[in-house]
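Chemist: With chain H fixed as given, assemble chain B onto it according to the hints.
There are 2 protein chains.
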Amino acid sequence: MSRFWSDIVHKLTPYVPGEQPKVSNLIKLNTNENPYGPSPKVLDALKAEANDSLRLYPDPNADLLKGAIARYYSVSQKQVFVGNGSDEVLAHAFQGLLKHAEPLLYPDITYSFYPVYCGLYNVPFETVPLTDAFDINVDDYLVTNGQKANGGIIFPNPNAPTGKLLALSSIETLLKVNTDTVVVIDEAYIDFGGESAIALVDQYPNLLVVQTFSKSRSLAGLRIGFAVGHPDLIEGLERVKNSFNSYPLDRFAINGGVAALADEAYFQQTCNAIIETRESLVRELTALGFDVLPSAANFVFARHKESKADAIASKLREEAIIVRHFKQERVQDFLRITIGTNDECDALVKALTDILKD
Amino acid sequence: MSRFWSDIVHKLTPYVPGEQPKVSNLIKLNTNENPYGPSPKVLDALKAEANDSLRLYPDPNADLLKGAIARYYSVSQKQVFVGNGSDEVLAHAFQGLLKHAEPLLYPDITYSFYPVYCGLYNVPFETVPLTDAFDINVDDYLVTNGQKANGGIIFPNPNAPTGKLLALSSIETLLKVNTDTVVVIDEAYIDFGGESAIALVDQYPNLLVVQTFSKSRSLAGLRIGFAVGHPDLIEGLERVKNSFNSYPLDRFAINGGVAALADEAYFQQTCNAIIETRESLVRELTALGFDVLPSAANFVFARHKESKADAIASKLREEAIIVRHFKQERVQDFLRITIGTNDECDALVKALTDILKD
Chain H
1 MSRFWSDIVH KLTPYVPGEQ PKVSNLIKLN TNENPYGPSP KVLDALKAEA
51 NDSLRLYPDP NADLLKGAIA RYYSVSQKQV FVGNGSDEVL AHAFQGLLKH
101 AEPLLYPDIT YSFYPVYCGL YNVPFETVPL TDAFDINVDD YLVTNGQKAN
151 GGIIFPNPNA PTGKLLALSS IETLLKVNTD TVVVIDEAYI DFGGESAIAL
201 VDQYPNLLVV QTFSKSRSLA GLRIGFAVGH PDLIEGLERV KNSFNSYPLD
251 RFAINGGVAA LADEAYFQQT CNAIIETRES LVRELTALGF DVLPSAANFV
301 FARHKESKAD AIASKLREEA IIVRHFKQER VQDFLRITIG TNDECDALVK
351 ALTDILKD
Chain B
1 MSRFWSDIVH KLTPYVPGEQ PKVSNLIKLN TNENPYGPSP KVLDALKAEA
51 NDSLRLYPDP NADLLKGAIA RYYSVSQKQV FVGNGSDEVL AHAFQGLLKH
101 AEPLLYPDIT YSFYPVYCGL YNVPFETVPL TDAFDINVDD YLVTNGQKAN
151 GGIIFPNPNA PTGKLLALSS IETLLKVNTD TVVVIDEAYI DFGGESAIAL
201 VDQYPNLLVV QTFSKSRSLA GLRIGFAVGH PDLIEGLERV KNSFNSYPLD
251 RFAINGGVAA LADEAYFQQT CNAIIETRES LVRELTALGF DVLPSAANFV
301 FARHKESKAD AIASKLREEA IIVRHFKQER VQDFLRITIG TNDECDALVK
351 ALTDILKD
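Those protein sequences? They're chains H and B, same order as listed.
Heads up, the first sequence is in my numbering, so the first residue is 1 and it goes up one at a time.
Heads up, the second sequence is in my numbering, so the first residue is 1 and it goes up one at a time.
Treat each hint with caution, since some may be false.
It does not matter which identical chain is used: a pair holds within one copy or between any two.
[Stated by the list, open to error] BS3-like cross-link-like pairs, simulated, lysine-lysine; straight-line CA separation at most 25 Å: (1) 315 x 41; (2) 11 x 78; (3) 315 x 327; (4) 22 x 78; (5) 308 x 78.
If you are wondering where the hints come from, they were derived from the structure by calculation, not from laboratory data.
Pulled out of the complex, with its shape left as it was, chain H reads as follows (with noise of 0.2 Å):
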């Protein structure tokens, strides 16, 4: 606490990333990180920009970077808005596109970001309860179902901490009602088995669809987060993104991003390397006794039909693997499990099997 901080300050409950420990030689399945490097040509490239460019500003605009999201996702350029990180992009839509006198909307069991912007930029909000399944309800998100006006839509697809997808016809039943504000659609994990709602921002002025470089283009060392959506959405972005920071995007970013859309093999190679390893250890959490929630990311949701989630996490920590856990309520019982390589998973099934044998 101090005197000298801005009202603002005093009110905020920072977010709390998850744990980036500093030793080595553990199992780390507790951030959802690729278990795969980036592609070697995205290392090729970065290493050649290791040069006396440097000394030079970035393109504040990432024109390069842009140009090259907009082909991948067949899209023109001026609906595409880049950032350092999603996190980025997700901060600057809250101020820039989601804060109204009606309140956000979003669900109780989500990326637990959005709250924390909600206080930085003063946006009013209220959730909406998943399913008793842990699914969203796009119904219960509409003011023809009883719902009050909202200032703006947004939830992660497939959601995050439970990993399960919302079908596009689902999100597109909510565009076709919800038309007054925006909906943005956070798919970080939307590499790993879900159809992106890119499809559809020709047909919905109102859609924001942010994605990111993190998870399924190993690339979260990096920091690279996009959104694309109507050419107004975005201008809206680019005043704000403007208005606090011209080149948030440096040379290595620009450069190494546009290198990782070019390797559409590896790209491919490594998503379904990480989807076949989920799917077998669903099946392995499954044999232990775990309900494991369907996942369409690179995590598993998981809970125990007998033991206590914070206890199998601090005894798999002594055997050097880190998940998540949460102790939010209706989530508390679970663990959030990052898909590791398939010796990760496996050392991690043995030693679930030994912690649970106790």
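Modeler: Relative to the frame of chain H, chain B by itself:
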């Protein structure tokens, strides 16, 4: 304009950075970049970062970099904040430390991002005119001299775009009287001839000093800024940062920054080269009929006794030399010219000689 924007977006006037032209073979003296590339040791460190660890998030606290900055400036790590360029650090300072009921004060002629931040965060402000000699007179900021109560004070030192330096003793005069609000000294250009106010942070708990790696450390393309001040001020900035983006600095920025601080010899050598070139350019511009403000920065601010600034800038552009011209009142007769290599400055002087002959 869009009905989907939050109210604040309609009112924004975003910052316009100096042009980053996409053609080469230009002599680019418009955005105060360093004419020398980063230290070869920095380039080696950056190449080494292009590895599989990029799949992992960076340290959200960037402790390695904070530690290196703390050791370099002989302060504690709790007195150090880092951000994605000093523009991001400044943005957080405007939101977290400088927004109060009373107006923020800054010079009428200064870094043109300040009013933009005020627009983004709805910070009330008033400008304080520079003297006729384009100096900051700290007396003009003091309540004891008839100035109204302020919510904070910010100015660059050396000031931009004038390049003029304020003595550390004047900053201390200000701090001795202005004890109730935060004073931010924005030292983007301090290494080219000034004395850093970091020397004062242990004595004045309301002093925040902001610096960047973009100018004197030749890393504009990498995006590293930092602030040094009392741990309470740093905590305020951390609370804002952790409510905005957990990982603003990527792995290249963290480790490249550490390597840059480690090569003191290269840093001294390039700063000294720029200072020598500046002094020589000042003599030549003066001989060509320019009034040049005394500069402690890596640029000069100069007006010709007869020829119009915008006309000179246009003609230089025809010769593939870019300098910056601001249309703002009081300074529209000036050109801001970045110090390039000796060869670049020779080419500038030759072009100006031809232009002014016409």
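Chemist: Work down the list of hints and note, for each, if the structure agrees.
Modeler: Hint check:
no.: 1; hint: 315 x 41; verdict: neither (39 Å within a copy, 43 Å between copies)
no.: 2; hint: 11 x 78; verdict: between (36 Å within a copy, 21 Å between copies)
no.: 3; hint: 315 x 327; verdict: within (17 Å within a copy, 66 Å between copies)
no.: 4; hint: 22 x 78; verdict: between (41 Å within a copy, 19 Å between copies)
no.: 5; hint: 308 x 78; verdict: neither (49 Å within a copy, 37 Å between copies)
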